[in-house]
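Novice: Protein sequences appear in the order of chains H and X. Last residue of the first sequence: 147 in numbering that gives the first Met the number 0, with the numbers rising by one and none dropped. Last residue of the second sequence: 181 in numbering that gives the first Met the number 0, with the numbers rising by one and none dropped.
No lab work stands behind these hints, which were simulated from the structure alone. Misleading hints may appear alongside valid ones.
[What the hints assert, rightly or not] Below, computed lysine to aspartate or glutamate pairings styled on EDC-like, alpha-carbon distance capped at 20 Å:
id, chain 1, residue 1, chain 2, residue 2
1, X, K170, H, E42
2, H, K47, X, E116
3, H, K47, X, E121
4, H, K47, X, E171
5, H, K56, X, E42
[What the hints assert, rightly or not] Computed footprint of chain H on chain X, listed as stretches where at least three residues anywhere in the stretch have a Cβ under 8 Å from a Cβ of chain H:
id, stretch
6, 116 to 129
7, 133 to 140
8, 163 to 171
[To be verified] Facing chain H, from chain X, some residues (calculated, C-beta under 10 Å):
id, residue
9, V22
10, Q26
11, V29
12, N31
13, Y34
14, S43
15, R113
The C-beta atom is built at its ideal place from N, Cα and C for all residues, glycine as well.
Each chain, written out:
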Amino acid sequence: MKECIKVSKLLSRYLDKEASCADNLLIEAHLDKCLSCKKELLELSRIKELVLGKERKTLPQDYLVCRLRQNIADERCIIKQGLSWLSGIGDFSRKIIPVPVAVIVISLVFMILTSKQQLTEYSLEEHVLSGAQTTTETALGVMLGVLN
Amino acid sequence: MNEDSFYVRQFLTGEKDGFEILVKKYQDRVLNIVYSIIRQDRESEDIMQEAFLKVYRNLRYFKERSKFSTWLYRIVVNTVYDFLRKRRNFISNEDILEMRAATCEGPRDTLLTREKEAMIQEALLGIPLKFRAALVLKDIEGLSYIEISEVLRCSIGTVESRIFRARQFLKEGLLKLTGELR
Ligand SMILES: [Zn+2]
Numbered sequence: 000m001k002e003c004i005k006v007s008k009l010l011s012r013y014l015d016k017e018a019s020c021a022d023n024l025l026i027e028a029h030l031d032k033c034l035s036c037k038k039e040l041l042e043l044s045r046i047k048e049l050v051l052g053k054e055r056k057t058l059p060q061d062y063l064v065c066r067l068r069q070n071i072a073d074e075r076c077i078i079k080q081g082l083s084w085l086s087g088i089g090d091f092s093r094k095i096i097p098v099p100v101a102v103i104v105i106s107l108v109f110m111i112l113t114s115k116q117q118l119t120e121y122s123l124e125e126h127v128l129s130g131a132q133t134t135t136e137t138a139l140g141v142m143l144g145v146l147n
Numbered sequence: 000m001n002e003d004s005f006y007v008r009q010f011l012t013g014e015k016d017g018f019e020i021l022v023k024k025y026q027d028r029v030l031n032i033v034y035s036i037i038r039q040d041r042e043s044e045d046i047m048q049e050a051f052l053k054v055y056r057n058l059r060y061f062k063e064r065s066k067f068s069t070w071l072y073r074i075v076v077n078t079v080y081d082f083l084r085k086r087r088n089f090i091s092n093e094d095i096l097e098m099r100a101a102t103c104e105g106p107r108d109t110l111l112t113r114e115k116e117a118m119i120q121e122a123l124l125g126i127p128l129k130f131r132a133a134l135v136l137k138d139i140e141g142l143s144y145i146e147i148s149e150v151l152r153c154s155i156g157t158v159e160s161r162i163f164r165a166r167q168f169l170k171e172g173l174l175k176l177t178g179e180l181r
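Isolated chain X, as found in the complex (with noise of 0.2 Å):
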């Protein structure tokens, strides 16, 4: 028995903390997955607790057939795809104006950072949805293959083309942006 299931069979015979664990182990690497989808801050912790309210109430219905973590990941990534498809044009002026703002502070070393922080999530956002939860699952998270096409449902060679794809229009985003890559 790996840790996780340790955590959940506590959370199940009543321990509360069982389920803090998990939350305190899994909310930044949640988090990152989130953002690096979505890219906005505020919604993005929204998304991450509203994930981990699904996982608190739904947890006597997991019945162990994946790892905890693959379970997670797929509620996730489902309520991510819930929130894109209730706020369809998810990006707002006032929120392309904030990451300007924000691009735009702090002494010179830090704003080449920012910069290329900037770029990359642009980029990134340039990518269609499914081909980018793909490769945010890959290269943010650092999930398998087989972890990632457990996550969202699809077989293999599907979640090694989505990320291909990924990776070329990655490329031509940046591209765009950089007109070189740096």
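Same shape as in the complex, but just chain H (with noise of 0.2 Å):
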């Protein structure tokens, strides 16, 4: 019985034809003997018989190849993409960011602020009775929210 619990647990690796030389003995001498053990190895080598006849799956050769193939080379346009993309960053910000936008920048700010000094002296409401002229700075003040 102890010797039917030690050789069940080495069954597995029977079958697969790990088991050490020595284990080989001890398993086949027992097996002579023993009914109940008999049989567990052939449930066992009958589910390793059924796992091993499991239908095997084929691709066509080039199958895999070809998707491969479409993936490396998309892989390297959206790299080549990015690094055009960045690089056309680079160029556009030499070329035509600088001047101009700093211009724009800078004339927007001092416009809002100098609007910003107006309004804080009196309400639209008070600005339109006033009857002064709407400037572009107080209607861009309007338009930014800058009045209440």
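Two chains, two separate frames, one set of hints: put the complex together.
Specialist: What follows is the structure, given as structure tokens:
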């Protein structure tokens, strides 16, 4: 009985031809005299056969190679596009951005600040009632929500 | 130098053919390993493709401390694990319906084969993942215990006990599905 426990733990390994020589001898000697372990070995080998006999899938020779080629090409394309986009941004910023954008930003800030200064002195209502000319600065201030 | 090492070196010296030959050689083996672990056609192909892309990107770091196939299978198993981690409940009702439908097609003899196939696959899926992976590497791919221990990065004793446990689960699963072993 004690031997059965030991042998049954080794059966899976024995079936895979991975048991040591000493274990092989022990198992085979035990199997000769033990029906229940013999039955267990038979069941295990049926299970192994079922898995071994499982239908295998096959793919056309070039199937995966084609998919991989496409994938690798796409990947390279994305990297290239990314790089050219980045360098495009670089060219763009070098050529176009600095001067005109700086001018626009500075004038916008200046206009808002001056209109805010004016508008803190009187409300929009007072401004309209005063009949003063509505300048671009004031309009911008209204649009940007500087006015209350 | 074995055949695989030759193609690996060929690829590393700039010959794309080396990689493609390895892909052709291993695609079916990899597909069968993945499919036996997750049992989903489209996903198995995606995982297979992902694994080979990882090989393509990382082949220059492969130092030939193990066989190429061992390194490849390790990448494959890890890619499967990643996939399953991302999709914990990976068997949708749709998949089950699809499988049932597949078992109901065709003439009677293929029906029996399909039924048997579906039954084995279902019983395999009932085995906890780490035991299942070891069993698939043994009985689907035919690796030795040493090779499996290298792929799964564990001791030979652990491989032995995982395969042993996997077969116990499989036996119980098949008994549940059929009432008796056919
Ligand atoms: Zn016994």
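Novice: Next step is simple, just say for each hint if it's right about the structure.
Specialist: Now for the hints, and whether the structure bears them out:
no.	hint	result
1	X:K170 <-> H:E42	holds (8 Å)
2	H:K47 <-> X:E116	holds (14 Å)
3	H:K47 <-> X:E121	holds (15 Å)
4	H:K47 <-> X:E171	holds (14 Å)
5	H:K56 <-> X:E42	holds (14 Å)
6	116 to 129	holds (count 4)
7	133 to 140	holds (count 4)
8	163 to 171	holds (count 4)
9	V22	holds (5 Å)
10	Q26	holds (5 Å)
11	V29	holds (9 Å)
12	N31	holds (5 Å)
13	Y34	holds (6 Å)
14	S43	holds (8 Å)
15	R113	holds (9 Å)
In summary, this structure violates none of the numbered hints.
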